[in-house]
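Read top to bottom, the protein sequences are chains A and B.
For the working numbering, count along the first sequence from 1 and bump the result up by 6.
For the working numbering, count along the second sequence from 1 and bump the result up by 347.
Just so you know, these hints were derived from the structure itself, not from any lab.
Nothing here was measured: the structure is a model prediction, and the numbers come from that model.
Don't be surprised by glycine CBs; every beta carbon is placed ideally from N, CA and C.
Mixed in with the good hints there might be a few duds.
Said to hold, decoys possible - Taking lysine-lysine pairs in the DSS-like style, the calculated list, with each CA pair at most 25 Å apart, reads:
no.	chain 1	residue 1	chain 2	residue 2
1	B	Lys-546	A	Lys-18
2	B	Lys-491	A	Lys-18
3	A	Lys-203	B	Lys-612
4	A	Lys-18	B	Lys-500
5	B	Lys-494	A	Lys-18
6	A	Lys-18	B	Lys-545
Said to hold, decoys possible - A few chain A residues facing chain B, derived, Cβ under 10 Å:
no.	residue
7	Phe-15
8	Val-22
9	Arg-37
10	Met-199
11	Thr-200
12	Asp-201
13	Ala-202
The primary structure of each chain is shown beneath.
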Amino acid sequence: MLSDNNKIFHRKKILVIFLGCVALLLFLFGRLVYLMIWRAEHYSQLATELHERERSIKAARGRILDCNGTVLADNKTVCTISVIHNQIEDPEEIIRILCEELELSEEYVRQRVEKYSSMERIKSNVDKSIGDRIREYDLAGVKVDEDYKRYYPYNELASKVLGFTGGDNQGIIGLEVIYEEYLQGEPGKILTMTDAKGIEVEAAGERRIEPVNGRDLCISMDLNIQTYATQLAAQACATKQADSVSIIVMNPKNGEIQAMVNVPEFNLNDPYALPEGTPETLSAEEKQDLLNGIWRNGCINDTYEPGSTFKIITAAAGLEAGAVTKESTFNCPGFIVVDDRKIRCHKTAGHGTQDFTHAMMNSCNPALITLGLRLGLDSYYDYFERFGLKTRTGIDLPGEAGTIMHQKENMGNVELATVSFGQSFQITPIQLLTTASSIINGGNRITPHFGVKALDGEGNVVETFDYPIKTGIVSEKTSETMREILEMVVSEGSGKNGAVEGFRIGGKTATSQTLPRGSGRYIASFVAFAPADDPQVIAIAIINNPQGTYYGGQVAAPILRQLFENILPYMGIMENDQ
Amino acid sequence: MATERTARRKRKEQSEYFFDYSLLFIVLFLLGFGLVMIYSASSYEAFQDFEDAAYYLKKQLVAIIIGLALMIVVANIPYHFWERFAMLGYVVSMALVPLVKTPLGVESHGAKRWIRIPGIGLNLQPAEVAKLCMVLFLAVMVCKMGKSVRTMKGFFIMLAMPLPVVAEVYLITKNLSSAIIIMGISVLMVFVASPDYKKFVIMGLSAVAVVAVLVFAIVSTSAEGGGFRSERILAWLDPEGHSQGKGFQTLQALYAIGSGGIWGKGLGQSMQKLSFVPEAQNDMIFSIICEELGLFGAIAVILMFTMLLWRMMVIANNATDLFGAMLVVGVMGHIAIQAVLNIAVVTNTIPNTGISLPFISYGGSSVMFLLIEIGLVLSVAKRIQLKEL
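So here's chain B without its partners, still in its complex pose (with noise of 0.2 Å):
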């Protein structure tokens, strides 16, 4: 009976495991609807700056194509397969961040962030290279410090593992919202791979209380004008008084979402993209969705990331080892925080840095990894039987 059975489940193995085709569909959706959304933002400015009113479109779908076949790749080397390279990983993103300075180093909308593949004629971001690393490296990490995590000083190592390359990417790069990005999926995996609650609600707690002694501090002293960043703050806090200065993207972004109303204005039909919004296929492409597609294009959006989330939720939660747990919490944590974040600056919620919308802003790089980290999580779901779900 017991051989019999083997042999029965040996013959529908294929079957039996698991594809999650829903977390794909959920990607392809949102890279499709990226593609258009980016055609609509920015081919109004690409006519004129390149006259080729595809030119954003072609190379966003160029670096999605490499991407899905890297996804392809990713997703059917067994995961474990990459548990080697985790300290490579880490090494590798340490040297890249640096490379910036280098002549590798390409100036793009006044900061240093990217580095030129020599051959490709790619533009890569190393920032992005040391998110994909860091989830691997920490996931490896938890695995191997096992009960220790639960210790006050596993706690402590975990976390300042992490530290040296989000100081880098701060310090070098000045790229303030890819370090907190990559601190918080640290903070998330350590979170997960901790059973307490109590240190993280502290750090929770303390955290907003950092942030908000230094905004009452910046606002009290704004007399004295302080910095780049404070001159930020000020005008989140009053984007229409800040309207030609810091204030200027913001406010743009938000006469796009505001004239968009209910419906929207239908799809092609912003204004907004017409040079008001600086860069409309990047960071702000959601005041466009917004403008363009209205509150139901909005609420749409916000739901095809929420089912993005309950779907890694659901393959981490039935992972067969910890491992691979990790590395979709990691994906998870990276898919959300970069989300959250960027609506959270399109509509003012917060202050505006530099985050784009996982898998609906131009930007290659930030694609093609985002790509791999799918792959990764598809490869995890693939390990998963079937009667385990």
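Chain A with its partners taken away, still in its complex shape (with noise of 0.2 Å):
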């Protein structure tokens, strides 16, 4: 039995302990409270990041309207097949079935279905149908992710413009790249909370963070324009078995490209297919260099010598120094010598006397080169930069290649002459169409482009694309005298196949030699606008390496006639009274 006085000494010992426990959980207490209430945020947000899985869900990309509203480049419903290695059961049957439906080789899939790791994409852009058809066999640990697909209803139409997409739904070139930011839109996640081993929960649910889908773009080409002129120049291209023929048809006034057209055109949905008769054993570079041959936009990526066509910026030029006028009297022997040199005119027996407006109609180089060297090197090269020859257009394309052009202590006379006439230095096909626009629009330089504006989802105008326009380039007199000089060359002169019935149409053409000169090879081209008095429409056809007849006016200028035929009536342009 206890004693009273042990008693005491025990309990007095046993409630120290006692009292020793109650304050060690108290203060255990105190560390949960900072534990729960201080540190909950930091701990269960590091909780979170462990426990949740991301999916992400790919915006649909923007579409691409021509300026009717018709879709040129839309989206479809393809599938992504990936496998969940944790989840599988069966992974022979996997790999069979897999091997099967997406016609792949047994060792990809089975390399894939065996790696560990949380999700192994197998396949991307698999055909709805085979997606709903994988799904059916409802196989444990297999995937299929609806996302879109970039497609092109009109297959070839317009394909160095528009370009195509990648694998990720990126634009690889271009009007796809230029709007990359308003088509892409904005990925969405699917977060799902899942197990250490990366199984997912399924009564925790799933967070979705939607998506944001890419605007619509709606740009100034008319398709029934660009189809047309594709057809002709397709047939041109045949006709005269060129290398390529390129159409561009654009409003002079604001720029607006109506048709781009580069033949041979490249299947858009089909972008990576070689050309039939390639060696199977080119290498992945060579194939790449032979790709990117493909793609190029020849209006914009490459330069060529203009020819007579920019006897154009000449005449401007001479006119607005007032170093000619319409009546100025020229004389052309066949020929003339330009310091040691002697430079031919087209017409060997020579066009004799002249006036300025006969000389344009005759496209003389005689002529030309006099009022070159007339206005003189300073002159000249100063028109030369304030047209704005010498910066890019600026157009809503990737890689316009910039004008080659001789540096200005480099050029004597003879350089200034052949200039004149178009030769000796390279510029754009998009740069000459702008340069001549802005001198027969009134003396104001446009931005030639496509973007006109983004739209989204419902239709609302989200921006209106504004393009710079620098005025002043030549007056509104010399204006209005190339219209009149230029419409004498269509109407009597050297573009009289490209009159067409009814309308007044203005234009310049031009038989350019390609480098190295005597290899017998020519660039026909032929630029022209209607109406005369008042352009609404401006259109360049360049024909590469023509067999046969080689003369811009007998197979460039044809090709606008036809062209101006059909388009002036559909974009209600009225025949003339007279």
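Assembly of the complex is requested from the two constituent chains, each provided in isolation within its own frame, with the hints serving as guidance.
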């Protein structure tokens, strides 16, 4: 039995132990309060990061619409097939079915199925019907996710302008690249909770961050004009056995491009197809070079010697500087001697005495050389720069080539003379068309472009694109004189094959020999606009290396004549009463 | 008059003796709560591993039923009956511990701490036997030594007696936490038996000093990389920096506790039990309680343990003799040390070491021996006369 005395000290000691324990438990309670209130946010955030797995949802890429709202680039639903290693129950079955349905090699599929990773992509851009079929097998561990793939309903139409997208739906060339930020949208996310092994916990549900779809892009291209221009170009390319034929149709007042054709085009839905007969042995790099060539937009990426069409610029500079009037007379004996060099006219017999209008109608080289020399190097070079020829046009397509021009210091009279009639330097077709536009539209250098506006999903305008216009390139008077001269060129001069009955057409032909000289390769081209008194449409046709007849007036002019015959009524440009 | 009173007293003997229903209720509550939490914490993994979500629940339930039966038996045997087995218990625990090295030993979680009892299919942890036997042995010894416990020599003899068992548990089973618990129980019992405070204060302070020096030494030499235990110390100080090593379990427990917040995610809603907290139903079950039931669930558990200790204090203080009081103190010390250390480990207050939460953590032999100890306490309580309260 405990004695009372003993009891007292034992009781005290037991109480001390109890109180000690209570104190310790209180301390631990305080620690818990700290962890569960003060540190709660920190730890729950870390825990959520640990538990959540993220799957992204592709945003639908914005469509590309022509000026009438016809869809030129669309999306179609495709599937991405992936496997989740931890959920696979019957790997052999999965390998067999996936090989069969996706037409992949067993080795490729096996490697991915057996790889230890949380999620492994087997194939993307799988047709929806195949994806649905795989889903119906209901294989544990196989995931079929739907997303979007770019689809171009008109296959080859305007291929080099529209461009195409890569595997991650990003633009590779063309408008798809330039307007990437509008088209791409913002991908969404599916956040799912998983256990430590990465298996989704279904009861925990999922958090979705919805994707923001890309903006629709409205462009100035007109499907009908583009289609017709493509037909004409393809026809010309075939009949003249040319290397390529390019046509650009533009509104000279604001720079909106209605058509840009570069035949041969390629199929946007299969951009990586190599032309038939390509040797299989090509290295990856050679293949890529070949494809880059196929994808090249000649109107923008390549330069050429413009030849006689450039006489428009020389004439405008002469008129603007007052160095020449329509009535000024020139004498052409069939050649002109500049310094020690004798430069021939294309008509070896010479054009004789003619006024300036007729010199342009005849496309007389000596007359234009005389004008160029009369302006002098300083003045001529100033005009060259003032017209914007040394800067890029700023078109909304990637890879615009710059002008290749002599350094002013290196130019003598001979160089000045050749430049005057469009030789010994190189510009892009779009540069020539833009400069010609600014000369005939009253002196406003416009920016050629396709992009007009961006629309949201409901068709509301999100942004209207503005493009710079530089006014006062030439005076209104010079512009008017140029329109008159160029109308004469078509109605009675070298461009008469470009005349369209009932319409007032202005224009200028060119036949330029490609470098090296004497190779027998020519570029035939024709620039034309209508109506001549108030130009609403300007176009250029360029035939690269035509066989047989190669004169611009005979090869290129008829193409634009046919084009105008059809598109002028379509565009609502009325026939003249006269 | 006197004979009449005695007769009346005899008639009412049953009701005048004390049965601590509060203690029994608290224990049953903790057991029931433990079963719920074991099911919640283990069902996901149990289903994956055994295709039976209730795998651990069933095993624990069987152990609890056996334990309760043993408790009732022990509670109804006058506790002095066990006095004669004190020496035998000591010898048995000394003998059982080395058995883990024989073919009877069972390895689990990378440590050999269990022995299989042939025929029953139950695994037994000799350390649990040793805890119970040590309580009994020291209670008997305190009574036998009488007043000589109060001398310096008695003090040292008392402290020396558990050392062989402690050394065995630590050296043979590499089980530091059980060794600490056995030593802790012994110190607490000696503390109660001796009227002195000074010796214990000095002992406590020197223990704190030794620990502090050790921690300091480990941290300052951490560049050379220490052994298995020093890495635990470093992980304790910076669990997020050792998240892939020794800090992993602690960090996962902290994630669970932190993401519980005040109200918790709700019963069964823990994310961390989905294989993130390793063996969530074992030592780390308190972290799942925190995650699912929040701060208030944690308070409830702590409160229940406080009440349990309080009930045992009342019983110890009113025990009819010193032997009974010492038995209860031993059990009280056992439960208190394990509860405090477990919560301290889970909250990363002390370095990680495997200590289960009494009555709640999964573990058959642990809960069975705890219930036997509760049986002893109830047996001591039964001898208390109501008027002495």
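Hints, one by one, checked against the model:
Among the hinted pairs, B/Lys-546 with A/Lys-18 is consistent with the structure: their alpha-carbon atoms are about 16 Å apart, no more than 25 Å. With a C-alpha separation of about 22 Å, the suggested pair B/Lys-491 and A/Lys-18 falls inside the 25 Å cut-off, and the hint holds. Simply put, A/Lys-203 and B/Lys-612 have alpha-carbon atoms about 21 Å apart, close enough for the 25 Å limit, and the pair holds. For the suggested pair A/Lys-18 and B/Lys-500, the alpha carbons sit about 23 Å apart, so the restraint of at most 25 Å is met.
Between B/Lys-494 and A/Lys-18, the direct Cα distance comes to roughly 17 Å. Compliance with the 25 Å bound is thereby established for this hinted pair. Distance restraint check for A/Lys-18 and B/Lys-545: the Cα-Cα separation of roughly 15 Å lies within the 25 Å cut-off, and the hinted pair is therefore satisfied. Annotation: A/Phe-15 was flagged as interfacial toward chain B, and the flag holds, the nearest CB pair being 5 Å apart, inside 10 Å. The interface hint given for A/Val-22 holds, since its Cβ lies 8 Å from the closest Cβ of chain B, which is under the 10 Å cut-off.
Evaluation of the A/Arg-37 hint against chain B yields a held restraint, the C-beta minimum of about 5 Å falling below 10 Å. Restraint check, A/Met-199 versus chain B: the minimum CB separation of about 6 Å is within 10 Å; hint holds. For the restraint placing A/Thr-200 at the interface with chain B, the shortest Cβ-Cβ distance is roughly 8 Å, inside the 10 Å limit, so the hint holds. Using the Cβ-Cβ criterion of 10 Å, the hint placing A/Asp-201 at the interface with chain B is satisfied: the shortest such distance is roughly 3 Å.
Evaluation of the A/Ala-202 hint against chain B yields a held restraint, the C-beta minimum of about 4 Å falling below 10 Å.
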